[in-house]
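Student: Chain residues, written in single-letter form:
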Amino acid sequence: MASFGLLSLLVWLPILGGIVVLAVGSGAGGESRRWDRWIALTVAVAVFLLSIPLYTGFDTTTWSMQFVERMPWIPSFSIEYYLGVDGFSMPLIILTTVLTPLVMIAGWDVIKARPAQYFAAFLILEGLMVGVFAALDALLFYVFWEAMLIPMFIIIGVWGGERRVYATIKFFLYTFLGSVFMLVALIYLYLQSASYSILDFHQLPLSHPEQIAIFIAFFLAFAVKVPMWPVHTWLPDAHVEAPTGGSVILAAVLLKMGGYGFLRFSLPIAPDASGSLAAVVIALSLVAVVYIGFVALVQEDMKKLIAYSSIAHMGFVTLGFFLAWSIQAGTGNLPGIAMGITGGMVQMISHGFVSGALFLCVGVLYDRLHSRRISDYGGVVNTMPVFAAFMVLFAMANAGLPGTSGFVGEFLVILASFQANIWYAVLAATTLVVGAAYTLWLVKRVVFGPVGNDRVAGMSDLNSREFLVLAIAAAGVLLIGVWPAPLVEVMTATVDHFVQHITTSKL
Amino acid sequence: MALHLAIVLAPLAAAIIAGLFGRWIGRSGAHCVTIAAVGASFLMSVIVLLGQLEPGALPQNETVYTWLVTDGVRMEIGFLVDRLTALMMCVVTFVSLMVHVYTIGYMHEDPGYQRFFSYISLFTFAMLMLVMANNFLQLFFGWEAVGLVSYLLIGFWYTRPTAIFANMKAFLVNRVGDFGFLLGIALLLASSGSLDYATVFAKAPQIAQQTMEIAPGTTWSVMTLACILLFVGAMGKSAQMPLHVWLPDSMEGPTPISALIHAATMVTAGVFMVARMSPLFEYSETALSVVLVVGATTALLTGFIGVVQHDIKRVVAYSTLSQLGYMTAALGASAYAAGIFHLMTHAFFKALLFLAAGSVIVALHHEQDIRRMGGLRKHLPVTYWTSLVGSLALIGFPGFAGFFSKDALIEAVELAGRAGASYASFCLIAGVFVTALYSFRMFFLVFHGKERLDEDARHHLHESPLVITVPLVLLAIPSLVIGWPTIGATLFAGYFDAAIFVMPGNDVLARLGSDFHGAGGFLLHGLTGLPVLLSVAGVAAAWYLYLYRPAVPEAIATRVAVLHRLLVNKYYFDDFNEKVLARGARLTGGALWRFGDVAVIDGALVNGSARLVAWAAAIVRLSQSGYLYHYAFAMIIGLALLVYWTLGGV
Chain F
183 MASFGLLSLL VWLPILGGIV VLAVGSGAGG ESRRWDRWIA LTVAVAVFLL SIPLYTGFDT
243 TTWSMQFVER MPWIPSFSIE YYLGVDGFSM PLIILTTVLT PLVMIAGWDV IKARPAQYFA
303 AFLILEGLMV GVFAALDALL FYVFWEAMLI PMFIIIGVWG GERRVYATIK FFLYTFLGSV
363 FMLVALIYLY LQSASYSILD FHQLPLSHPE QIAIFIAFFL AFAVKVPMWP VHTWLPDAHV
423 EAPTGGSVIL AAVLLKMGGY GFLRFSLPIA PDASGSLAAV VIALSLVAVV YIGFVALVQE
483 DMKKLIAYSS IAHMGFVTLG FFLAWSIQAG TGNLPGIAMG ITGGMVQMIS HGFVSGALFL
543 CVGVLYDRLH SRRISDYGGV VNTMPVFAAF MVLFAMANAG LPGTSGFVGE FLVILASFQA
603 NIWYAVLAAT TLVVGAAYTL WLVKRVVFGP VGNDRVAGMS DLNSREFLVL AIAAAGVLLI
663 GVWPAPLVEV MTATVDHFVQ HITTSKL
Chain D
1421 MALHLAIVLA PLAAAIIAGL FGRWIGRSGA HCVTIAAVGA SFLMSVIVLL GQLEPGALPQ
1481 NETVYTWLVT DGVRMEIGFL VDRLTALMMC VVTFVSLMVH VYTIGYMHED PGYQRFFSYI
1541 SLFTFAMLML VMANNFLQLF FGWEAVGLVS YLLIGFWYTR PTAIFANMKA FLVNRVGDFG
1601 FLLGIALLLA SSGSLDYATV FAKAPQIAQQ TMEIAPGTTW SVMTLACILL FVGAMGKSAQ
1661 MPLHVWLPDS MEGPTPISAL IHAATMVTAG VFMVARMSPL FEYSETALSV VLVVGATTAL
1721 LTGFIGVVQH DIKRVVAYST LSQLGYMTAA LGASAYAAGI FHLMTHAFFK ALLFLAAGSV
1781 IVALHHEQDI RRMGGLRKHL PVTYWTSLVG SLALIGFPGF AGFFSKDALI EAVELAGRAG
1841 ASYASFCLIA GVFVTALYSF RMFFLVFHGK ERLDEDARHH LHESPLVITV PLVLLAIPSL
1901 VIGWPTIGAT LFAGYFDAAI FVMPGNDVLA RLGSDFHGAG GFLLHGLTGL PVLLSVAGVA
1961 AAWYLYLYRP AVPEAIATRV AVLHRLLVNK YYFDDFNEKV LARGARLTGG ALWRFGDVAV
2021 IDGALVNGSA RLVAWAAAIV RLSQSGYLYH YAFAMIIGLA LLVYWTLGGV
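Protein chains in written order, with the working numbering: chain F, 183 to 689; chain D, 1421 to 2070.
Hints listed in this document are in silico derivations from the structure and should not be mistaken for laboratory results. Mixed in with the good hints there might be a few duds.
[What the hints assert, rightly or not] Pulled a few chain D residues facing chain F out of the computed Cβ check, cut under 8 Å:
no.: 1; residue: 1473
no.: 2; residue: 1474
no.: 3; residue: 1560
no.: 4; residue: 1568
no.: 5; residue: 1578
no.: 6; residue: 1581
no.: 7; residue: 1592
no.: 8; residue: 1598
no.: 9; residue: 1599
no.: 10; residue: 1639
no.: 11; residue: 1731
no.: 12; residue: 2013
no.: 13; residue: 2019
no.: 14; residue: 2022
[As the list claims (entries may be wrong)] Straight-line distance between alpha carbons at most 27 Å, and here's what the computed DSS-like set of lysine-lysine pairs gives:
no.: 15; chain 1: D; residue 1: 1990; chain 2: F; residue 2: 626
no.: 16; chain 1: F; residue 1: 626; chain 2: D; residue 2: 1999
no.: 17; chain 1: D; residue 1: 1870; chain 2: D; residue 2: 1798
These numbers come from a predicted model, not from an experiment. Backbone N, C-alpha and C fix where the C-beta goes; we use that ideal spot for every residue, glycine too.
The task is simple: from the sequences and hints, build the whole structure.
Tutor: Set out below in structure tokens:
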């Protein structure tokens, strides 16, 4: 296909929209003009509506790429403008297009300084994120991947909290350092295959040492993004300093880039190395689930607590992805592998909604009291009963209650990990207790109890704007929890083919 | 199918209406819609039960929708309706209906009226999903959903620090059980490839042949491991030691839910689950022995604690723990039907006792300490007589509902030949005396003797309104008579044949049934047995100690102070959990965070490398001298090297 198609529209419309908003928006002086944010929201909603055909028109029977757009970009290096989606990337794109309008509504009246630039940054970021998920050319992917850091960097650096400079630099260095190695690996793969097509990389025969080197290079990039223990410490700082919208996008979409990277690059390009090193990745994932769970328990800052909880939840993603080889070795057959990978994917989507919603909840509180400290709250339910209902719902989803989206992924990953090794399942299942402990203790201290202090007594309940945002998130959480089949169906063909691919040795 | 769906969805719809639109439909709107829905559910459940009682009625196994399909495993939402399910549906909806009506009176001053009705209807939905499940996924959904509603209801009065502590504790302790439960489900899926009851049960003989190595050198039977893991879940939900600690604290919730959730229905979910899983448990002698010993231990030890409690609701709560132990022990003896039979009779008389306790509490304007009660017989006649019925049923007084179920259960355990059976039957028989002692201690202290009320309570003293007394009477009737018509059918006539599987060699009820000649004969036989003697002795002891010579208990307490302290401190389980486990978890978290994240990763590695870079940059900065000829010189050298590499290297 030579013409621009739907995916290009989803990439470039928000970027162009962002540029327009920047152009017409108020300058640094900051007198607020309503219509710049209206333009931004209109574009974001339009992008969401345009992304719906991606789901409805998706062929669930095939694993091959759909909505493909392919044309030469820099022919001398055979770099192409090559976009397409499969069952892994499509749900993540929808997640992105759903959440971007939500963060805009959430930031509607709250952002006082440079609102036009704020909304423009999110639009541009949205386009770049869609680009990351849709790119099938490795260099195009890399361009989106790095470019995405810039708006995020600006969002934290300009609209962030007191220690935003430290957090931004830490965030930038961590992720940038990881990506540099990825670039080296991509160039090596290009030299071997004379193509930048990621799908060609998948078919490229590689020796075991080559695979190991490539796997490690990718691993550094993706492990930082997920983030996996022990390269996770940028996340709590970044979350704490980021404005609410930044935290939401960071947790909901940016972290998924790491998990997506494993599926798109590490596992299919270096399946034998992945198999050799799977035990290490599983160990790190389980450390994330258990260790980080305990760390989350003692946090005094709401955002930090949710950030740590994110790391623990993302541990399930990497755990689910890397179970394949121990299941194959243990049972001699493949059932269980697809369940782990599906579980990891569902966990990513679910985590996008749940952690995003929890950060929105913290934002609602922060807008009222300008504090993130748990001890500054208490008995919020007395003055904000509607908010409390939402908060309890999202907390329960975070604790993996069946009927909410948080359960689905964890359930599948625990079931699959049992087939690999009972102790993986035992350690992963500790989240049932530890995850519930830190979440419910947070709820107990913030939401329940007698009114904590005079400032809490003066808090007003959700306004209709906040209600709308949380209600949409709640609908997503409940829908996926009660009926995950529509989400799982779109990835089944992709997952099944993927399992075949990664369990076939390249040696 | 449509009928089953309606039974489940009616309470859910009512819960949503009362919960989301409570402000618009008002108080009476909320209770009308929920009572209508639960009432309809009850009537439809009766229809289902009658349908199942027809000769030749088959269990109905049906799928509602597919939750998801992955890896060839189809996870569904569906119903399995057989006689076991139908009985549970009737018990759940009937008690729920009574509690709904009662709540109108009990909560009429409460600002959270609509919210309360929404929660209890939601609970009814969740409990029905649990008992009607035809697969492990839905079972787990119902299992956790009732836990959620229990959490919300224990913390209903959310401004009370004790209530919001208790609800978190309840949820977390239940989660410890669910941890085992989920692993058990995972093991069954791994060994059978399905989450459907029917498929898993059909493969039970093959699963029983499998073994697995959980650590090098230790081989376990898969079935034993799976059953024990499932039972850990039951221990959480049905509050068996040592996971019983949450139930007494759950009394922080309003009394109607103590009756509905923490006595009659939710806490019996574990008992129901084990009975439902009888096709699995029957293949593991070891697991059944574990069930038997845990149940019997709980039955006796928690009964002792009931003797030293002063809070009226807590006495009833400890009695619930003890009775749950009885049911569990019956399961462990392969007398599943006896466990379920006791579950049913217990649901009636324990709901009655809680609601009666609630009636006393309302009458005394929220006084719960039995030391400040006494002599209420003449002021609260309906409550008095219904309490008497409930207490007699609880202690297994001949002819009352509890007599039939408990006596059958104890005899079944005596006949069970498996490891731990003699220990268990000792615990259960001794427990009969303890049950009678704590029950009538409370009964005498509340209704007889001197009035020890304070002024405020005396001022408010009045018999409760009809919405409270009518449910009491309606629950007293089955507590009194339900045993007569049902014992023969449920235990000995094969009522549960299609639902509960018992190995021929394990079938103690069949052996018991060979001597069974009707309820009257069973009664006469029971009159000569040790349990009846012990229960009468318990009542007599209670009369002597708490009415005739009230100074004696004090003296005994000081004489055996160590023992008394042990009981008052509830065997120090709470202290251990709070001071060792909870504190340990916080200390671990703090240590991992401060040492691991802050000191090592961030301090040494991340900021350390940043410092290293800064140091290196300071050196490199020396080369940036600002003199043009330095740069020019460096460029020339660089260019020369580049030329050498590109040309000379070829």
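Student: Each of the hints needs a verdict: does it hold here or not?
Tutor: Now the hints, each set against the structure:
no.: 1; hint: 1473; verdict: violated (32 Å)
no.: 2; hint: 1474; verdict: violated (34 Å)
no.: 3; hint: 1560; verdict: holds (6 Å)
no.: 4; hint: 1568; verdict: holds (6 Å)
no.: 5; hint: 1578; verdict: holds (4 Å)
no.: 6; hint: 1581; verdict: holds (6 Å)
no.: 7; hint: 1592; verdict: holds (6 Å)
no.: 8; hint: 1598; verdict: holds (6 Å)
no.: 9; hint: 1599; verdict: holds (5 Å)
no.: 10; hint: 1639; verdict: violated (13 Å)
no.: 11; hint: 1731; verdict: violated (22 Å)
no.: 12; hint: 2013; verdict: holds (4 Å)
no.: 13; hint: 2019; verdict: violated (11 Å)
no.: 14; hint: 2022; verdict: holds (5 Å)
no.: 15; hint: D:1990 - F:626; verdict: holds (25 Å)
no.: 16; hint: F:626 - D:1999; verdict: holds (19 Å)
no.: 17; hint: D:1870 - D:1798; verdict: holds (12 Å)
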